[in-house]
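So the protein lines, in turn, are chains A and B. Residues 0 to 297, numbered by the numbering used here, are exactly what the first sequence covers, in order. Residues 0 to 297, numbered by the numbering used here, are exactly what the second sequence covers, in order.
Keep in mind that the hints were calculated from the coordinates and are not lab data. Just to be clear, a hint being listed does not mean it is correct.
Stated by the list, open to error - Beta-carbon label-pair distances, calculated as ranges:
no. : chain 1 : residue 1 : chain 2 : residue 2 : range
1   : B       : Glu254    : A       : Ser154    : 26 to 36 Å
2   : B       : Ser84     : A       : Glu275    : 19 to 29 Å
3   : B       : Glu266    : A       : Asp87     : 23 to 33 Å
4   : A       : Ala265    : B       : Glu81     : 15 to 25 Å
5   : A       : Glu208    : B       : Gly169    : 28 to 38 Å
6   : B       : Gly169    : A       : His212    : 24 to 34 Å
7   : B       : Arg128    : A       : Glu275    : 28 to 38 Å
8   : A       : Gly175    : B       : Ala297    : 42 to 52 Å
9   : B       : Ala297    : A       : Gly147    : 22 to 32 Å
10  : A       : Gly258    : B       : Arg128    : 31 to 41 Å
11  : B       : Ala214    : A       : Asp76     : 46 to 56 Å
12  : B       : Pro3      : A       : Asp74     : 43 to 53 Å
13  : A       : Asp74     : B       : Glu280    : 29 to 39 Å
Unchecked claim - Selected chain B positions facing chain A (Cβ under 7 Å, derived; list incomplete):
no. : residue
14  : Ile150
15  : Glu159
16  : Pro167
17  : Ala233
Ideal placement from N, C-alpha and C gives every residue a C-beta, glycine not left out.
There are 2 protein chains.
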Amino acid sequence: MSGPVTLAVDIGGTTVKSALVDEAGAVVARHATPTGRGEAARDAVRRSVEQLAARAQDLGLALSGVGVVSPGVIDRDRGVVEYASNLDWAHVSLRNVVAAVVDVPVAVGHDAGAAGDAEWQLGAARGCRDFVHASVGTGIAASLVVGGRRIEGRSGGAGELGHTPVRPGGERCPCGQRGCLEVYASGGGVSRRYLALSGRSATAREVVERVDHDAVARRVWDDAVACWVTALAACTLLLEPELVVLGGGLAEAGEDLLGPVRAGLAEALTWREPPEVRASELGPDAALLGAALLARRA
Amino acid sequence: MSGPVTLAVDIGGTTVKSALVDEAGAVVARHATPTGRGEAARDAVRRSVEQLAARAQDLGLALSGVGVVSPGVIDRDRGVVEYASNLDWAHVSLRNVVAAVVDVPVAVGHDAGAAGDAEWQLGAARGCRDFVHASVGTGIAASLVVGGRRIEGRSGGAGELGHTPVRPGGERCPCGQRGCLEVYASGGGVSRRYLALSGRSATAREVVERVDHDAVARRVWDDAVACWVTALAACTLLLEPELVVLGGGLAEAGEDLLGPVRAGLAEALTWREPPEVRASELGPDAALLGAALLARRA
Numbered sequence: 000m001s002g003p004v005t006l007a008v009d010i011g012g013t014t015v016k017s018a019l020v021d022e023a024g025a026v027v028a029r030h031a032t033p034t035g036r037g038e039a040a041r042d043a044v045r046r047s048v049e050q051l052a053a054r055a056q057d058l059g060l061a062l063s064g065v066g067v068v069s070p071g072v073i074d075r076d077r078g079v080v081e082y083a084s085n086l087d088w089a090h091v092s093l094r095n096v097v098a099a100v101v102d103v104p105v106a107v108g109h110d111a112g113a114a115g116d117a118e119w120q121l122g123a124a125r126g127c128r129d130f131v132h133a134s135v136g137t138g139i140a141a142s143l144v145v146g147g148r149r150i151e152g153r154s155g156g157a158g159e160l161g162h163t164p165v166r167p168g169g170e171r172c173p174c175g176q177r178g179c180l181e182v183y184a185s186g187g188g189v190s191r192r193y194l195a196l197s198g199r200s201a202t203a204r205e206v207v208e209r210v211d212h213d214a215v216a217r218r219v220w221d222d223a224v225a226c227w228v229t230a231l232a233a234c235t236l237l238l239e240p241e242l243v244v245l246g247g248g249l250a251e252a253g254e255d256l257l258g259p260v261r262a263g264l265a266e267a268l269t270w271r272e273p274p275e276v277r278a279s280e281l282g283p284d285a286a287l288l289g290a291a292l293l294a295r296r297a
Numbered sequence: 000m001s002g003p004v005t006l007a008v009d010i011g012g013t014t015v016k017s018a019l020v021d022e023a024g025a026v027v028a029r030h031a032t033p034t035g036r037g038e039a040a041r042d043a044v045r046r047s048v049e050q051l052a053a054r055a056q057d058l059g060l061a062l063s064g065v066g067v068v069s070p071g072v073i074d075r076d077r078g079v080v081e082y083a084s085n086l087d088w089a090h091v092s093l094r095n096v097v098a099a100v101v102d103v104p105v106a107v108g109h110d111a112g113a114a115g116d117a118e119w120q121l122g123a124a125r126g127c128r129d130f131v132h133a134s135v136g137t138g139i140a141a142s143l144v145v146g147g148r149r150i151e152g153r154s155g156g157a158g159e160l161g162h163t164p165v166r167p168g169g170e171r172c173p174c175g176q177r178g179c180l181e182v183y184a185s186g187g188g189v190s191r192r193y194l195a196l197s198g199r200s201a202t203a204r205e206v207v208e209r210v211d212h213d214a215v216a217r218r219v220w221d222d223a224v225a226c227w228v229t230a231l232a233a234c235t236l237l238l239e240p241e242l243v244v245l246g247g248g249l250a251e252a253g254e255d256l257l258g259p260v261r262a263g264l265a266e267a268l269t270w271r272e273p274p275e276v277r278a279s280e281l282g283p284d285a286a287l288l289g290a291a292l293l294a295r296r297a
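Please model the entire structure based on the sequences and the hints provided.
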């Protein structure tokens, strides 16, 4: 056997993505399967690990460890997802799920933190000591690095940028709060607001494509950009980062998002230099590669 | 000579407060003088040091170091205030100002950071690893401690809670931005808004005293509380602190401020336990005692 490789698993709301990753950080093999919810989601993780462990054996590669990242509230030391609303999970030991399949060290982490760590070590934030990383997909997940350390908070729950109140008393968020950034500025939020205001279904990307000839699309997108500006201005004033990295599906809108956010930040911050705003370098693989980094430290 | 004592100087917008502080943290002698602006403010610092150094000699106490804290942008390593708008200062070397008077080590720091450090070591945040400290006076100055370390930011400018946008596109702040927390929720802001809306002058404390029988006072105070709730909710979601300490003149409103802020935070945060909200223990001396701590480390 040669190798070694790590097995990385990124549990998303719709798909469990997994990969074998070699020591240089290159993906050797991939697997993807629908996530489902509850017991089904647990099975999806188990099957992913089985498939790729078998694949490693076929390829003659030694497996050195497994890294699994999940949304929700994570107890990293115990390897347990305490709560993840999108997965219908409470107190799910991912460490046990994986250990039932393979006999190597298992590390469990938060998807947003893992994606931020991957951009930090391998991507757009290399060498940065103070930055904000946000993955903008169905929801918004962020990772805040300050003075060369990722902020964890009292119990690992820091970085909930998506639920900061950018429109106090504003529209209700599925989380129960009002005026959250996610309501206006996530992929899910943009799509939901467009449907509510126009009566037509569209993905967030479709909304972005319509802004030049559709007044509702224009309004929804302008709101999204304005809310990003408010949230990132607050982060800048509180944490003084040198860089903001935007990743996830909606960030693939590229300059349609980054351009107006940069302009808005420069206008909102009258006496502080705005941080640089850059697109993710690792794209949709950020959390997966972060899980591989986690496995190496396991 | 016995002792030693440190000489602490807190440069406020209206008064330079200074003190000799013994090793137990007790104030042995005090001095206060109007700050003025520009050259006058520099003289006020020099005179304060002269007065208290002479006083230490009279008392037979050895002076071990001087700690000076200022608002503005501080280069702590060089002991220079790079910029302080309220003092009309640019590139003022406080280290040189003090060193021209006494021959002991001089440390220079930021007033908000020093106040937060004092509450951390001696006051309301003792033993805390994750907290937000805000001094609410004419303006708002904050200090953010995360994972047992005070957040500095890329160039020492983190913690500008007073200028986070709590009402996007809202009223203009003297800083040039719109909708800053300080506009609505500082002592200066409350007083200014009351004057603008009622045509009558009142200090922020007088506004608080009028809320039961004056509709304008009620409205201004309700706005102030709502803005505190928005800003502290954002801090809680980003940093997950266990504690918020409110100090400074306006915090002396006590439960008139703390009570509604606690209630508002509990309502705004539907799925995260709100941090405890506590009044400062050191009161108006927090920054001064922080300067004494700084002097000890000089």
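Worksheet entry | C-beta pair alanine 297(B), glycine 147(A): status relative to the range 22 to 32 Å that was hinted | 25 Å, holds
Worksheet item: Taking 29 to 39 Å as the hint, is the beta-carbon distance of aspartate 74(A) and glutamate 280(B) inside that range?
Response: Given about 33 Å between the Cβ atoms, the range holds.
Discussion item. The hint names isoleucine 150(B) as touching chain A; please verify it with the least Cβ-Cβ distance against 7 Å.
Written reply: This hint holds: isoleucine 150(B) lies near chain A, its Cβ roughly 5 Å from the closest one there, short of 7 Å.
Item to complete: Mind checking the CB of alanine 233(B) against every CB in chain A and telling me if the closest is under 7 Å?
Response: 4 Å, holds
Worksheet entry | Status of the glutamate 159(B) interface restraint (C-beta, 7 Å, chain A) | Constraint on glutamate 159(B) satisfied, holds at 4 Å.
Worksheet entry | Restraint check, 7 Å cut-off on beta carbons, for proline 167(B) near chain A | Interface hint status for proline 167(B): holds (5 Å vs cutoff 7 Å).
Worksheet item: Lying within 43 to 53 Å: is that true of the beta-carbon distance proline 3(B) to aspartate 74(A)?
Response: Because 48 Å falls inside the window, the suggested range holds.
Worksheet item: Has the hinted range 24 to 34 Å been met by the Cβ atoms of glycine 169(B) and histidine 212(A)?
Response: 32 Å, holds
Worksheet item: Should the hint that glutamate 254(B) and serine 154(A) are 26 to 36 Å apart at their CB atoms be regarded as holding?
Response: Given about 28 Å between the Cβ atoms, the range holds.
Practice prompt. Given the hint of 46 to 56 Å, check if alanine 214(B) and aspartate 76(A) actually sit that far apart at their C-beta atoms.
Written response: Distance hint for alanine 214(B), aspartate 76(A) holds at roughly 54 Å.
Worksheet item: So does alanine 265(A) sit 15 to 25 Å from glutamate 81(B), Cβ to Cβ?
Response: 22 Å, holds
Item to complete: Determine whether the Cβ-Cβ distance between serine 84(B) and glutamate 275(A) falls within the hinted range of 19 to 29 Å.
Response: Holds: the Cβ-Cβ distance is about 26 Å, inside 19 to 29 Å.
The structure is consistent with each of the numbered hints, conforming to all of them.
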